[in-house]
Amino acid sequence: MAEFHLTTPLTDADTTQLTAGDVVFITGTIYTARDAAHKRLMDLIDSGVQLPFPLEGSIIYYVGPSPAPPGRPIGAAGPTTSYRMDSYAPRLHALGQKASIGKGKRSDEVKAALRENMAVYFGATGGAGALLSKCITAARVIAFDDLGPEAIRELTVENFPVLVINDTKGGELYAKPDLAAVGLD
Amino acid sequence: MRTIQASDITDTVASMVRDAGVRLPDDVKAAFRRHMREETTPAAKEIFRQLLENAELAEETGLPLCQDCGLAVFFVEIGEDVRVEGSLKQAIEQGMIRAYAEGYLRKSSCDPMTRANTGDNSPAIIHFDFVPGDRIRIAFMAKGGGSENMSRVTMLTPAQGWKGIREFVLRRVVEAGPNPCPPIMLGIGIGGTFEKAPVMAKHALLRGLEDRHPDPAVAKMEDELLADINRLGIGPMGLGGATTCLGVKIEMAPCHIASLPLAVNVQCHSIRHREVVI
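As they're listed, the protein sequences go chains B and R.
Position 51 of the first sequence, counting from 1, maps to 51 under full-length UniProt numbering, and the rest follow consecutively.
Position 269 of the second sequence, counting from 1, maps to 269 under full-length UniProt numbering, and the rest follow consecutively.
Hints listed in this document are in silico derivations from the structure and should not be mistaken for laboratory results.
Hints should not be assumed to be uniformly reliable.
What the hints assert, rightly or not - In silico DSBU-like cross-links for lysine-lysine, where the CA-CA straight-line distance does not exceed 30 Å:
hint	chain 1	residue 1	chain 2	residue 2
1	R	Lys196	R	Lys45
2	R	Lys45	B	Lys176
3	B	Lys134	R	Lys45
4	B	Lys176	B	Lys111
5	B	Lys134	R	Lys29
6	B	Lys176	R	Lys220
7	B	Lys134	R	Lys107
8	R	Lys196	R	Lys89
9	B	Lys39	R	Lys107
10	B	Lys169	R	Lys45
11	R	Lys196	R	Lys107
What the hints assert, rightly or not - To list a few chain B residues with every Cβ distance to chain R over 10 Å, as calculated:
hint	residue
12	Thr8
13	Asp12
14	Pro54
15	Tyr88
16	Ala94
17	Ser107
18	Arg140
19	Glu158
20	Lys169
Every residue, glycine too, gets a C-beta built ideally from N, C-alpha and C.
All chains should be built: construct the whole structure from the sequences, respecting the hints.
Spelled out as structure tokens, the structure:
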């Protein structure tokens, strides 16, 4: 397991050097989008309208932060479960998205899209919302304000810690459950 | 007949809900510390270290433990000799709404079809029950969506018995894998009817991690399931390790001679609940 410090936007050279299990600290700009925002991004692509942020080299963070208390840029901001975005992710990767940050398993279609587009899937620690918010220095809503916690936000991050869960070569970090240990197969 | 003012209930609920969002119960923190010592891989230890640091930071800053501050679920036991001056239901809901607004907790409740956010985390999900006495017991849990989505209910046949229950629970945990933020806690409802089983499963999640079921036979089932789940090796956040589950809590009720209802309610490691007796 190696450690990398990457700056956004990401390039093929950034992503192809990564292997599942590597620790990465991200600095730069990342964009938040979760369920409802992804649905609207698809509608914009379908109608040929320009997206609210540049997809090329982008990192999308699956998060719906809690409201920012006075004096803070953002509230708690840990990852949400990624599989709900699986039906949208391959299309976004084909259009230039280089990475997503979430938690939990991805579909075979997403893993194939990662290989084809030299993209990666990062995991952040689920439930560590207060801790992760420390690495977010600025946040502003850039689209879909009416969606509240689901609006698209531009986040400025410094050394935001993630693990490479799925890499560009088909590698995956998650442990395979030991079914034999409990008499199941 | 004792009388309680609805406004007192609102104040109490607001304070309890707000506190639950930012302060992890002591038994959960103690479990994190113990499992951090017992885990053997650096990744598993590191997850527990982060969760403990997160809990500390939330207490210090007042930020919620997790951005998913949950739907608000209440179990309320009303003494038969108590009268509420005003609406008990509204009092609880208003307390919840105030806590989510003033505590900067995320409002996650939305219309199931339009997906429009209700804006104040309402409605509260409230289960009422009547008991002897002149007091009101209100238990609250913040239930996050990621773990709730991994929960299931099924109708087994009586012939499937314990073997069928065990296999369904284990396969559910395997299928859920890293998704619900392990280490998880499981609430299990066995028996009753189609709707009774999941309510029991949810109610079981209010028990403390160290709480022993008073019926030794049920306690044994809980211990067996916990040990089996932890043999799966899914580990904290699915990264492998000895701690996939922190606790299994079972509630049972008699069921129809034709049925064996079973519900598994998955709870993430951020086990946020409180209880108050008025």
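Open item on the list: Name the hints, by number, that the structure is in violation of.
Closed with: 1
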